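> Sequence:
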Amino acid sequence: MTLLDRFLKLLEFLETAQEVFEFLITPTGLSGVLAICLYFPMQSLGCDASAAATLACTAALTFFCLIEKPDF
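Going letter by letter, the sequence shown gives residues 81 to 152 in our numbering.
No lab work stands behind these hints: they were computed from the structure. Here the structure is a predicted model, which means the values were calculated and not measured. Incorrect hints may have been included.
Listed next, with one range per pair, are the computed distances between beta-carbon atoms [claimed, not checked]:
no., residue 1, residue 2, range
1, 120, 85, 37 to 45 Å
2, 147, 99, 33 to 41 Å
3, 106, 126, 48 to 56 Å
4, 129, 83, 41 to 49 Å
5, 149, 123, 25 to 33 Å
6, 84, 130, 47 to 55 Å
7, 138, 97, 50 to 58 Å
8, 146, 99, 34 to 42 Å
9, 82, 135, 31 to 39 Å
10, 82, 133, 26 to 34 Å
Idealized CB from N, CA, C, for every residue including glycine.
Whole structure, please, built from the sequences with the hints as guidance.
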């Protein structure tokens, strides 16, 4: 019975992980991942935290606008 309980917990975890990955492939998720992936290298290159966050968010917002192509 404990084996079945653990298997059920594993399946619930996989279902939750699938929902997270589905969010990450949306334009909003991709922009968030890009911002996080750019933040840490910018900090390691010598930018302070606020400058790195501003630059990473600016790049992510630009990326989001390029993907979505909003009509102004």
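> Now tell me, hint by hint, if it's right for this structure.
Hints, one by one, checked against the model:
no. : hint                  : in the structure
1   : 120 x 85: 37 to 45 Å  : holds (38 Å)
2   : 147 x 99: 33 to 41 Å  : violated (21 Å)
3   : 106 x 126: 48 to 56 Å : violated (33 Å)
4   : 129 x 83: 41 to 49 Å  : holds (47 Å)
5   : 149 x 123: 25 to 33 Å : holds (31 Å)
6   : 84 x 130: 47 to 55 Å  : holds (51 Å)
7   : 138 x 97: 50 to 58 Å  : violated (30 Å)
8   : 146 x 99: 34 to 42 Å  : violated (26 Å)
9   : 82 x 135: 31 to 39 Å  : violated (50 Å)
10  : 82 x 133: 26 to 34 Å  : violated (46 Å)
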